[in-house]
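Asker: Chain V is fixed; fit chain Z onto it per the hints.
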Amino acid sequence: DQQVKQNSPSLSVQEGRISILNCDYTNSMFDYFLWYKKYPAEGPTFLISISSIKDKNEDGRFTVFLNKSAKHLSLHIVPSQPGDSAVYFCAAKGGTGTASKLTFGTGTRLQVTL
Amino acid sequence: GAVVSQHPSRVICKSGTSVKIECRSLDFQATTMFWYRQFPKQSLMLMATSNEGSKATYEQGVEKDKFLINHASLTLSTLTVTSAHPEDSSFYICSARGQPNQPQHFGDGTRLSIL
Numbered sequence: 001d002q003q004v005k006q007n008s009p010s011l012s013v014q015e016g017r018i019s020i021l022n023c024d025y026t027n028s029m030f031d032y033f034l035w036y037k038k039y040p041a042e043g044p045t046f047l048i049s050i051s052s053i054k055d056k057n058e059d060g061r062f063t064v065f066l067n068k069s070a071k072h073l074s075l076h077i078v079p080s081q082p083g084d085s086a087v088y089f090c091a092a093k094g095g096t097g098t099a100s101k102l103t104f105g106t107g108t109r110l111q112v113t114l
Numbered sequence: 001g002a003v004v005s006q007h008p009s010r011v012i013c014k015s016g017t018s019v020k021i022e023c024r025s026l027d028f029q030a031t032t033m034f035w036y037r038q039f040p041k042q043s044l045m046l047m048a049t050s051n052e053g054s055k056a057t058y059e060q061g062v063e064k065d066k067f068l069i070n071h072a073s074l075t076l077s078t079l080t081v082t083s084a085h086p087e088d089s090s091f092y093i094c095s096a097r098g099q100p101n102q103p104q105h106f107g108d109g110t111r112l113s114i115l
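Which chain is which? The protein sequence lines are V and Z, in order.
Residues in the first sequence are numbered from 1 upward in steps of one, following the numbering used here.
Residues in the second sequence are numbered from 1 upward in steps of one, following the numbering used here.
So here's chain Z without its partners, still in its complex pose:
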């Protein structure tokens, strides 16, 4: 089946650091990639949607200057959390989709901890 690789799986860093998370579709071309954030015992909250070669579309309340998303190719999207602070600590999950009528496939997530 489709595989989405997300890296790193865990990051611990100091406040003020910028952190980059990569999401790769390994065996299909991801026309669209999604970035989610999950708080403990809560649902996956969509942060932004990106289509290859286009600017990302951010959900209401998500700061685009804080969470920089790049989707430069059909197999790679990156999320950069800029100047991270403790409140940015969370579980970030990417997902990728080929065509709109196909299911989304998820990476294994990145646990981000800001000290």
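Excised from the complex, chain V in its bound form:
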């Protein structure tokens, strides 16, 4: 049972344009959401996060939007750069205190073309 879903396995965007990566979840108990970027043969790198009490968080070129009623979040990257090409995972946090843990989506491979 996949509680966090990224339905687009891949996305190609031209340099300078906006990249929009989507993520859906089913567990309404998730209270914190994160986006990670991953290059091959490396561990994921934390990008940006959002609490369930907010609907938007912005950090430079990266903005995460959360629609709780739709159980949907998205990551916007603008302008997209070739160095953004990687696999992006969304993750949702459930549980409390030290028992809290992340559930990851299956990832979306972003290719930024020149």
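No lab work stands behind these hints, which were simulated from the structure alone.
There's no promise every hint is true.
[Claimed, not checked] Each computed SDA-like pair below joins lysine to any residue, with the alpha-carbon atoms no more than 25 Å apart:
{"hint": "1", "chain 1": "Z", "residue 1": "Lys66", "chain 2": "Z", "residue 2": "Pro8"}
{"hint": "2", "chain 1": "Z", "residue 1": "Lys41", "chain 2": "V", "residue 2": "Glu42"}
{"hint": "3", "chain 1": "V", "residue 1": "Lys37", "chain 2": "Z", "residue 2": "Asp108"}
{"hint": "4", "chain 1": "Z", "residue 1": "Lys41", "chain 2": "V", "residue 2": "Ser8"}
{"hint": "5", "chain 1": "V", "residue 1": "Lys38", "chain 2": "Z", "residue 2": "Gln99"}
{"hint": "6", "chain 1": "Z", "residue 1": "Lys64", "chain 2": "V", "residue 2": "Ala99"}
{"hint": "7", "chain 1": "V", "residue 1": "Lys37", "chain 2": "Z", "residue 2": "Phe28"}
{"hint": "8", "chain 1": "Z", "residue 1": "Lys64", "chain 2": "V", "residue 2": "Gln2"}
{"hint": "9", "chain 1": "V", "residue 1": "Lys38", "chain 2": "V", "residue 2": "Lys101"}
{"hint": "10", "chain 1": "V", "residue 1": "Lys101", "chain 2": "Z", "residue 2": "Leu26"}
{"hint": "11", "chain 1": "Z", "residue 1": "Lys55", "chain 2": "Z", "residue 2": "Ser5"}
{"hint": "12", "chain 1": "V", "residue 1": "Lys38", "chain 2": "Z", "residue 2": "Lys55"}
{"hint": "13", "chain 1": "Z", "residue 1": "Lys20", "chain 2": "V", "residue 2": "Thr45"}
{"hint": "14", "chain 1": "Z", "residue 1": "Lys64", "chain 2": "Z", "residue 2": "His7"}
{"hint": "15", "chain 1": "V", "residue 1": "Lys5", "chain 2": "V", "residue 2": "Thr96"}
{"hint": "16", "chain 1": "V", "residue 1": "Lys68", "chain 2": "V", "residue 2": "Asp24"}
{"hint": "17", "chain 1": "Z", "residue 1": "Lys41", "chain 2": "V", "residue 2": "Lys54"}
{"hint": "18", "chain 1": "V", "residue 1": "Lys37", "chain 2": "V", "residue 2": "Ile20"}
{"hint": "19", "chain 1": "V", "residue 1": "Lys54", "chain 2": "Z", "residue 2": "Gln99"}
{"hint": "20", "chain 1": "V", "residue 1": "Lys54", "chain 2": "Z", "residue 2": "Asn101"}
{"hint": "21", "chain 1": "V", "residue 1": "Lys37", "chain 2": "Z", "residue 2": "Met45"}
{"hint": "22", "chain 1": "V", "residue 1": "Lys101", "chain 2": "V", "residue 2": "Gly16"}
{"hint": "23", "chain 1": "Z", "residue 1": "Lys55", "chain 2": "V", "residue 2": "Gly94"}
{"hint": "24", "chain 1": "V", "residue 1": "Lys54", "chain 2": "V", "residue 2": "Met29"}
Please read these numbers as outputs of a predicted model, since none were measured by experiment.
Answerer: Leaving out everything else, chain Z in the frame of chain V:
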């Protein structure tokens, strides 16, 4: 930023060998460490969670006698794959977190290949 060091990055060994993977938080105290396994083109699957000084909590379907986890200090956790077999070949990634409200930071993973 926070750095998590995972070692070794790659291991190739014979079936029946036990393999130990180390995960260190270099610039923060990791109250909690996590071990994940990733199959090709799939998501990161959580194997177990360990809090410093406590026994690890394993996810359903993960054999605790097969995957031994030790979190003896606030900066070091180890995963030992005991009597490894070809089906244990995978990409193993650790991550560490300071406080529960802080993001997890990941190591670069270990590619384990069992011949």
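Asker: Indicate, hint by hint, whether the structure satisfies it.
Answerer: Cross-check of the supplied hints:
no., hint, verdict
1, Z:Lys66 x Z:Pro8, "holds, 19 Å"
2, Z:Lys41 x V:Glu42, "holds, 14 Å"
3, V:Lys37 x Z:Asp108, "holds, 12 Å"
4, Z:Lys41 x V:Ser8, "holds, 13 Å"
5, V:Lys38 x Z:Gln99, "holds, 23 Å"
6, Z:Lys64 x V:Ala99, "holds, 18 Å"
7, V:Lys37 x Z:Phe28, "holds, 21 Å"
8, Z:Lys64 x V:Gln2, "holds, 23 Å"
9, V:Lys38 x V:Lys101, "holds, 19 Å"
10, V:Lys101 x Z:Leu26, "holds, 21 Å"
11, Z:Lys55 x Z:Ser5, "holds, 22 Å"
12, V:Lys38 x Z:Lys55, "violated, 29 Å"
13, Z:Lys20 x V:Thr45, "holds, 24 Å"
14, Z:Lys64 x Z:His7, "holds, 21 Å"
15, V:Lys5 x V:Thr96, "holds, 22 Å"
16, V:Lys68 x V:Asp24, "holds, 10 Å"
17, Z:Lys41 x V:Lys54, "violated, 31 Å"
18, V:Lys37 x V:Ile20, "holds, 14 Å"
19, V:Lys54 x Z:Gln99, "holds, 21 Å"
20, V:Lys54 x Z:Asn101, "holds, 15 Å"
21, V:Lys37 x Z:Met45, "holds, 16 Å"
22, V:Lys101 x V:Gly16, "violated, 35 Å"
23, Z:Lys55 x V:Gly94, "holds, 20 Å"
24, V:Lys54 x V:Met29, "holds, 15 Å"
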